[in-house]
Amino acid sequence: MKNYAWRPFAVAIAAIALLLLARAQLVPADFGIHGKTFTYNFYRKSDINDWKAITVKYKGRNYCNQCHDEKFKEIMASPHKIIQCENCHGPALGHPDNPETLPIDKTRALCLRCHASLPYSLSNREDLPAIDPDTHNPGQNCVECHNPHNPSLEDMK
Amino acid sequence: MSCSRRKFLKTAFTGGIAASLPISAFKLLTPAEAHASIGDADVRWAFLVDVQKCVGCGFCVKACKNENEVPYDAPITRTWVERYVITKDNKEYIDSPMGARDGFTSSTVEGHKVKPEDISKAFFLPKLCNQCANPPCVQVCPVGATFQTNDGVVLIDRTWCIGCGYCIMACPYGVRYFHPVYKTADKCTFCYHRITKGLKTACVQACPFGARQIGNLKDPNDPVTKAVMTERVGILKDEYGTKPQVYYIGLDERVR
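As they're listed, the protein sequences go chains U and P. According to the numbering used here, the first sequence is numbered sequentially starting from 15. According to the numbering used here, the second sequence is numbered sequentially starting from 15.
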């Protein structure tokens, strides 16, 4: 065969070599199947560490208890002990350094999440103490009368 | 047609090599290798939802959005709570305003004021990524940006995702969405940064009623494992064969 007939092959091989070279440069070294299969496990392994490195923002009530033990005791003696502090006070990340105080959600809407009457038979919602938000002091914030840390109606101020 | 002895032997030799090639592609694994390929799999994360216990307060959604930096006012969320109201004349009303980020505070469903005496059954249903054992979202990814970890959680590589959206279309549960900040696909990770540190997920911690639980299916003493093994649990869209790992106690056939 004549020499020129082989030229396209040389070009093709050069192109493939270039492609493989570029791939070796651009694809991270830890990209692979890591002993499993291509179906579900073809990935960059260090991404798992990227996900693990995300900051935890909700610290849990034991973190709050370290300083606010009085408030902690108060709420733990009430039916509201099932509610985490951070559900109403916001995530504790950075507190007490930055932010120094956490914003407290004192809105009516927050209480209505549980205490707006919805009589649904297949949900424990119907067993919770509930009000009709349209008739029970509309527009007023619940915390003006009720103490969220001690919601007992007998101890109401 | 003639066939010389030399030509016959040559063809037989090359043919033999060609035939034996695919056999070498199948590698027999020793038990140790097989175990290593399963990975450090003494953990398989699974989720358990008790539908009766959910009151639709939406604290889980609020905590999830804050914990995982999902834009708070955008109509996207990693977990959400649906409300199903089925009336006595067999009409069904389903809603999830803002994914129930602010809970359910009104008896108006889908613009309909349903009277309590007309309801035959009504309940709240939390949803999140099912972390399927056979995740269809992972199969369709053209760049290898989404994958299943050895402990069974499906993650998305934000540096590798090109945002094509195939996985968003492929998920039968609609748990994936396009993240407007990172410009990639995004979804629930079972709070991978929390569960790998021994914490509960943000939604599990925030739930006041214990409607949500996370556990390790490989641990026979885990409460979630015990419930999955001994109680009546259901999964969503079993017919898709995705093997979801979010189990529901008290699931209704109306749930889609």
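Rather than coming from a laboratory, the hints here were simulated on the basis of the structure. Careful, some of the hints might be misleading.
To be verified - No farther apart than 27 Å at their CA atoms in a straight line, the calculated lysine-lysine pairs in the DSSO-like style are these:
id	chain 1	residue 1	chain 2	residue 2
1	U	Lys66	P	Lys102
2	P	Lys127	U	Lys50
3	P	Lys257	U	Lys50
4	P	Lys214	U	Lys59
5	U	Lys71	P	Lys67
6	P	Lys127	P	Lys67
7	P	Lys257	U	Lys59
8	P	Lys211	P	Lys240
9	P	Lys197	P	Lys67
10	P	Lys129	U	Lys87
11	P	Lys257	U	Lys71
12	P	Lys232	P	Lys135
13	U	Lys73	U	Lys87
14	P	Lys257	P	Lys240
15	P	Lys135	U	Lys59
16	P	Lys251	P	Lys232
17	U	Lys71	U	Lys16
18	P	Lys135	P	Lys102
19	P	Lys67	P	Lys24
20	U	Lys59	P	Lys67
21	U	Lys95	P	Lys214
22	P	Lys251	U	Lys71
23	U	Lys66	P	Lys211
24	U	Lys87	P	Lys257
25	U	Lys85	U	Lys71
26	U	Lys95	P	Lys197
27	U	Lys66	P	Lys257
28	P	Lys232	P	Lys257
29	U	Lys50	U	Lys73
30	P	Lys232	P	Lys211
31	U	Lys95	P	Lys129
32	U	Lys66	P	Lys197
Said to hold, decoys possible - The calculated label-pair distances, taken between Cβ atoms and stated as ranges, are:
id	chain 1	residue 1	chain 2	residue 2	range
33	P	Lys24	U	Asn63	49 to 59 Å
34	U	Thr53	P	Lys135	16 to 26 Å
35	U	Ala28	P	Ile108	39 to 49 Å
36	P	Lys257	U	Lys87	25 to 35 Å
37	U	Pro113	P	Lys127	40 to 50 Å
38	U	Asp169	P	Asn235	24 to 34 Å
39	P	Asp103	U	Lys120	25 to 35 Å
Where is the CB? At the ideal position from N, CA and C, for every residue including glycine.
Going down the list of hints, with the structure as the test:
{"no.": "1", "hint": "Lys66(U) x Lys102(P)", "verdict": "violated, 48 Å"}
{"no.": "2", "hint": "Lys127(P) x Lys50(U)", "verdict": "violated, 53 Å"}
{"no.": "3", "hint": "Lys257(P) x Lys50(U)", "verdict": "holds, 19 Å"}
{"no.": "4", "hint": "Lys214(P) x Lys59(U)", "verdict": "holds, 24 Å"}
{"no.": "5", "hint": "Lys71(U) x Lys67(P)", "verdict": "holds, 26 Å"}
{"no.": "6", "hint": "Lys127(P) x Lys67(P)", "verdict": "holds, 24 Å"}
{"no.": "7", "hint": "Lys257(P) x Lys59(U)", "verdict": "holds, 24 Å"}
{"no.": "8", "hint": "Lys211(P) x Lys240(P)", "verdict": "holds, 23 Å"}
{"no.": "9", "hint": "Lys197(P) x Lys67(P)", "verdict": "violated, 36 Å"}
{"no.": "10", "hint": "Lys129(P) x Lys87(U)", "verdict": "violated, 41 Å"}
{"no.": "11", "hint": "Lys257(P) x Lys71(U)", "verdict": "violated, 31 Å"}
{"no.": "12", "hint": "Lys232(P) x Lys135(P)", "verdict": "violated, 36 Å"}
{"no.": "13", "hint": "Lys73(U) x Lys87(U)", "verdict": "holds, 18 Å"}
{"no.": "14", "hint": "Lys257(P) x Lys240(P)", "verdict": "holds, 18 Å"}
{"no.": "15", "hint": "Lys135(P) x Lys59(U)", "verdict": "violated, 47 Å"}
{"no.": "16", "hint": "Lys251(P) x Lys232(P)", "verdict": "holds, 23 Å"}
{"no.": "17", "hint": "Lys71(U) x Lys16(U)", "verdict": "violated, 72 Å"}
{"no.": "18", "hint": "Lys135(P) x Lys102(P)", "verdict": "holds, 8 Å"}
{"no.": "19", "hint": "Lys67(P) x Lys24(P)", "verdict": "violated, 75 Å"}
{"no.": "20", "hint": "Lys59(U) x Lys67(P)", "verdict": "violated, 38 Å"}
{"no.": "21", "hint": "Lys95(U) x Lys214(P)", "verdict": "holds, 18 Å"}
{"no.": "22", "hint": "Lys251(P) x Lys71(U)", "verdict": "violated, 33 Å"}
{"no.": "23", "hint": "Lys66(U) x Lys211(P)", "verdict": "holds, 8 Å"}
{"no.": "24", "hint": "Lys87(U) x Lys257(P)", "verdict": "violated, 44 Å"}
{"no.": "25", "hint": "Lys85(U) x Lys71(U)", "verdict": "holds, 21 Å"}
{"no.": "26", "hint": "Lys95(U) x Lys197(P)", "verdict": "violated, 40 Å"}
{"no.": "27", "hint": "Lys66(U) x Lys257(P)", "verdict": "holds, 25 Å"}
{"no.": "28", "hint": "Lys232(P) x Lys257(P)", "verdict": "holds, 16 Å"}
{"no.": "29", "hint": "Lys50(U) x Lys73(U)", "verdict": "violated, 35 Å"}
{"no.": "30", "hint": "Lys232(P) x Lys211(P)", "verdict": "holds, 18 Å"}
{"no.": "31", "hint": "Lys95(U) x Lys129(P)", "verdict": "violated, 33 Å"}
{"no.": "32", "hint": "Lys66(U) x Lys197(P)", "verdict": "holds, 20 Å"}
{"no.": "33", "hint": "Lys24(P) x Asn63(U): 49 to 59 Å", "verdict": "holds, 55 Å"}
{"no.": "34", "hint": "Thr53(U) x Lys135(P): 16 to 26 Å", "verdict": "violated, 40 Å"}
{"no.": "35", "hint": "Ala28(U) x Ile108(P): 39 to 49 Å", "verdict": "violated, 60 Å"}
{"no.": "36", "hint": "Lys257(P) x Lys87(U): 25 to 35 Å", "verdict": "violated, 46 Å"}
{"no.": "37", "hint": "Pro113(U) x Lys127(P): 40 to 50 Å", "verdict": "holds, 41 Å"}
{"no.": "38", "hint": "Asp169(U) x Asn235(P): 24 to 34 Å", "verdict": "violated, 41 Å"}
{"no.": "39", "hint": "Asp103(P) x Lys120(U): 25 to 35 Å", "verdict": "violated, 41 Å"}
Against the hints set out earlier in the document, violations occur for numbers 1, 2, 9, 10, 11, 12, 15, 17, 19, 20, 22, 24, 26, 29, 31, 34, 35, 36, 38, 39.
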